[in-house]
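Novice: As given, the protein sequences belong to chains V and G, one line each in that order.
Just so it is clear: in the first sequence, position 1 is 0 by numbering that gives the first Met the number 0, and no numbers are missing.
Just so it is clear: in the second sequence, position 65 is 64 by numbering that gives the first Met the number 0, and no numbers are missing.
These are computed hints drawn from the structure, not numbers from a lab.
Just so it is clear, the structure is predicted and the values come from calculations on it, not from any experiment.
Using N, Cα and C, we set each Cβ at its ideal position, and we do this for glycine too.
Any given hint might turn out to be false.
[Stated by the list, open to error] A short, non-exhaustive set of chain V residues, derived as facing chain G with CB atoms under 8 Å:
{"id": "1", "residue": "P17"}
{"id": "2", "residue": "V19"}
{"id": "3", "residue": "V91"}
{"id": "4", "residue": "L92"}
{"id": "5", "residue": "A187"}
{"id": "6", "residue": "N191"}
[What the hints assert, rightly or not] According to the in silico footprint, chain V covers these stretches of chain G (three or more CB under 8 Å from chain V):
{"id": "7", "region": "87 to 97"}
{"id": "8", "region": "124 to 134"}
{"id": "9", "region": "219 to 230"}
[Claimed, not checked] Have a look at the derived ranges for each label pair, beta carbon to beta carbon:
{"id": "10", "chain 1": "G", "residue 1": "A40", "chain 2": "V", "residue 2": "F189", "range": "30 to 40 Å"}
{"id": "11", "chain 1": "G", "residue 1": "S152", "chain 2": "V", "residue 2": "V271", "range": "16 to 26 Å"}
{"id": "12", "chain 1": "V", "residue 1": "L260", "chain 2": "G", "residue 2": "D159", "range": "54 to 64 Å"}
{"id": "13", "chain 1": "V", "residue 1": "V271", "chain 2": "G", "residue 2": "G41", "range": "19 to 29 Å"}
{"id": "14", "chain 1": "G", "residue 1": "G34", "chain 2": "V", "residue 2": "L33", "range": "58 to 68 Å"}
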Amino acid sequence: MAARTGSEAAAARLPPSPRVAFAPNWAARAGWVLLALYVVYATGQLEISLDRVIRGLENAQRFLGRMFPPNLEADKLELIRAGIVESLQIAVLATAAGIALSLPLGLAAARNLAPPWLSGAMRVVIAVCRSFHPVIVAILFVKAVGFGALAGVLALIVSTMGFVSKLFAEVVEEMDPGQVEAVRATGAGFLNVLVMGVLPQVMSRFIGLSVYQFDSNLRNSTMVGIVGGGGIGAPLFTAYQRFDYDVVMTILIVIIALILLCEVVSGRVRRVFQ
Amino acid sequence: MSAIRSPAPAAAGGGVLSIRGLQKAYRPGQPVLRGIDLEIAGTGLTAIIGPSGTGKSTLLRCVNRLVEPSAGQILFEGQDLARLKGRALRLARRRIGMVFQEYNLVERLTVIENVLCGRLGHVAPWRALLRRYPQSDVDHAFDLLQAVGLDESYANRRADQLSGGQRQRVGIARALMQRPGLVLADEPTSSLDPKTSVEVMALMADLSRQHAIPIVVNIHNVELARRHAERIIGLSGGAVVYDGGPDGLHDEHLKSIYGGEDWL
Numbered sequence: 000m001a002a003r004t005g006s007e008a009a010a011a012r013l014p015p016s017p018r019v020a021f022a023p024n025w026a027a028r029a030g031w032v033l034l035a036l037y038v039v040y041a042t043g044q045l046e047i048s049l050d051r052v053i054r055g056l057e058n059a060q061r062f063l064g065r066m067f068p069p070n071l072e073a074d075k076l077e078l079i080r081a082g083i084v085e086s087l088q089i090a091v092l093a094t095a096a097g098i099a100l101s102l103p104l105g106l107a108a109a110r111n112l113a114p115p116w117l118s119g120a121m122r123v124v125i126a127v128c129r130s131f132h133p134v135i136v137a138i139l140f141v142k143a144v145g146f147g148a149l150a151g152v153l154a155l156i157v158s159t160m161g162f163v164s165k166l167f168a169e170v171v172e173e174m175d176p177g178q179v180e181a182v183r184a185t186g187a188g189f190l191n192v193l194v195m196g197v198l199p200q201v202m203s204r205f206i207g208l209s210v211y212q213f214d215s216n217l218r219n220s221t222m223v224g225i226v227g228g229g230g231i232g233a234p235l236f237t238a239y240q241r242f243d244y245d246v247v248m249t250i251l252i253v254i255i256a257l258i259l260l261c262e263v264v265s266g267r268v269r270r271v272f273q
Numbered sequence: 000m001s002a003i004r005s006p007a008p009a010a011a012g013g014g015v016l017s018i019r020g021l022q023k024a025y026r027p028g029q030p031v032l033r034g035i036d037l038e039i040a041g042t043g044l045t046a047i048i049g050p051s052g053t054g055k056s057t058l059l060r061c062v063n064r065l066v067e068p069s070a071g072q073i074l075f076e077g078q079d080l081a082r083l084k085g086r087a088l089r090l091a092r093r094r095i096g097m098v099f100q101e102y103n104l105v106e107r108l109t110v111i112e113n114v115l116c117g118r119l120g121h122v123a124p125w126r127a128l129l130r131r132y133p134q135s136d137v138d139h140a141f142d143l144l145q146a147v148g149l150d151e152s153y154a155n156r157r158a159d160q161l162s163g164g165q166r167q168r169v170g171i172a173r174a175l176m177q178r179p180g181l182v183l184a185d186e187p188t189s190s191l192d193p194k195t196s197v198e199v200m201a202l203m204a205d206l207s208r209q210h211a212i213p214i215v216v217n218i219h220n221v222e223l224a225r226r227h228a229e230r231i232i233g234l235s236g237g238a239v240v241y242d243g244g245p246d247g248l249h250d251e252h253l254k255s256i257y258g259g260e261d262w263l
């Protein structure tokens, strides 16, 4: 008792050392400092300066001036309509085929469903699909199957598989194992476990991913045309090169309208499958 | 019609489960079950009590092989379940229903779809996918819903809209939908309030007698076990330390099962 009062008296004399609730994370702090240093370094390397931005703004003003008013001549509109329709077809076909392939691919890549050798192999396939930008894949397919929409569709199928199956595999890995265990305990075979135990848990997320990927494919389908993959990309690129900025403007407006429309539709679809 | 339909219709009523020398060690040298010998037959509830971590769940899960036993035999309907693999294991599992602590219903499916999950050992995948279950199964599912105390208005509600007690009733209906010879219930009342716990235990005791199926229940609540079970098995340290009727279970048994006496 005496010793305790003694130590309490000693503690009262010394200023109490504050208790730390949140230990400093030195690794994270060092990371932020390094990032800041690198940004400064890279800015210097790339000769980015305010002066150049200001000079660039003048150019941009002239460029934007020549975009207005948008070109609405009948022959141009017909060209744009044909291009947009093809882009839409590319997006729909690529999304449909891509998600059909992503479903088994994603399931096979999920480590809680597939044996390690299979999920490992499927992860490599997915990584390869994700490695390149769709435009680069489109260049490969244009070389392989020739100019036209087929090359664009194939390129977007690859990128759809890369995106949807990777995220889908993660969704499958996060599912509740108890529900699957209960279905397995009834003596259900693997396919029945899949149909009644796994799919009900993950299907709405899968549809969400697919709808998002359709958005993304629609945007990308306007790009694969630049390298010869069909769609609106080719007229857009030609118009740029011929300095027909008013035609460029028309095309951009149509693309924006299409994307917005798609946004509305996909929002509805997602709500239906909630 | 389907490749996985059994050649002969499954026998009605329950079978005899006999466990011999069952051992399980998740890590070598640290056995959870140290040689369990049990014979479970007839109808009614058999309650397994014992402290947490003593292997009650492991024992139950070894029976339908959700957990792999390390050694021993589990004889049921003329087969050693401990040795079955692949298709033979699946066929054996069809005869053993299971009820879970967290219900483990497929949350996004409706009540009736969950009950019909009990037929998945018999139904071909395309039928499950298109929900084209045989009408006899559908009728049986509705009968079971009624038997567990849920009227038809629940059939098309999604499982995640139900209360805990209702979910567990669906879980019981799913287990019975298998037309099992044995039902295993792993802490079926641990997530339920006291009143619902009593109702669920009473329901299982009734159904066990009606359908002539033995039900083995892991349970923490000794009073519930005493009230509803016809036989109580006390497990401690991975071995059976009490096996008898609820009347024979006295404080000294509980001391040897759970250790200490202050809590009594």
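Novice: Hint by hint, say whether it matches the structure.
Specialist: Going through the hints against the structure:
1. Proximity of V/P17 to chain G is violated relative to the hint, the smallest CB-CB distance being about 39 Å (cut-off 8 Å).
2. Interface restraint check for V/V19: the shortest CB-CB distance to chain G comes to about 35 Å, outside 8 Å, so the restraint is violated.
3. Below 8 Å, beta-carbon pairs count as interface contacts, and V/V91 has none with chain G, the closest being about 25 Å; its hint is therefore violated.
4. Against a cut-off of 8 Å between C-beta atoms, the interface hint on V/L92 is violated, since the closest Cβ of chain G lies about 25 Å away.
5. Hint status for V/A187: holds, given a least beta-carbon distance of 3 Å to chain G, under 8 Å.
6. This hint holds: V/N191 has a C-beta 4 Å from the nearest C-beta of chain G, less than the 8 Å allowed.
7. Beta-carbon proximity to chain V at under 8 Å applies to 9 residues in the region 87 to 97 of chain G; the threshold of 3 is reached and the given coverage holds.
8. Using a Cβ-Cβ cut-off of 8 Å, 3 residues of the region 124 to 134 of chain G lie near chain V, which meets the minimum of three, so the contact claim holds.
9. Counting residues of the region 219 to 230 of chain G whose CB lies closer than 8 Å to any CB of chain V gives 0, so the stated coverage by that chain is violated, three being the minimum.
10. The hinted window of 30 to 40 Å between G/A40 and V/F189 holds, with their beta carbons roughly 33 Å apart.
11. Distance hint check for G/S152 and V/V271: the Cβ-Cβ separation is about 24 Å, which falls inside the suggested range of 16 to 26 Å.
12. Distance hint check for V/L260 and G/D159: the Cβ-Cβ separation is about 33 Å, which falls outside the suggested range of 54 to 64 Å.
13. At about 51 Å, the beta-carbon gap between V/V271 and G/G41 misses the expected band of 19 to 29 Å.
14. The hint said 58 to 68 Å for the Cβ distance between G/G34 and V/L33, and at roughly 60 Å that hint holds.
Hints 1, 2, 3, 4, 9, 12, 13 from the earlier list are contradicted by this structure; the remaining hints agree with it.
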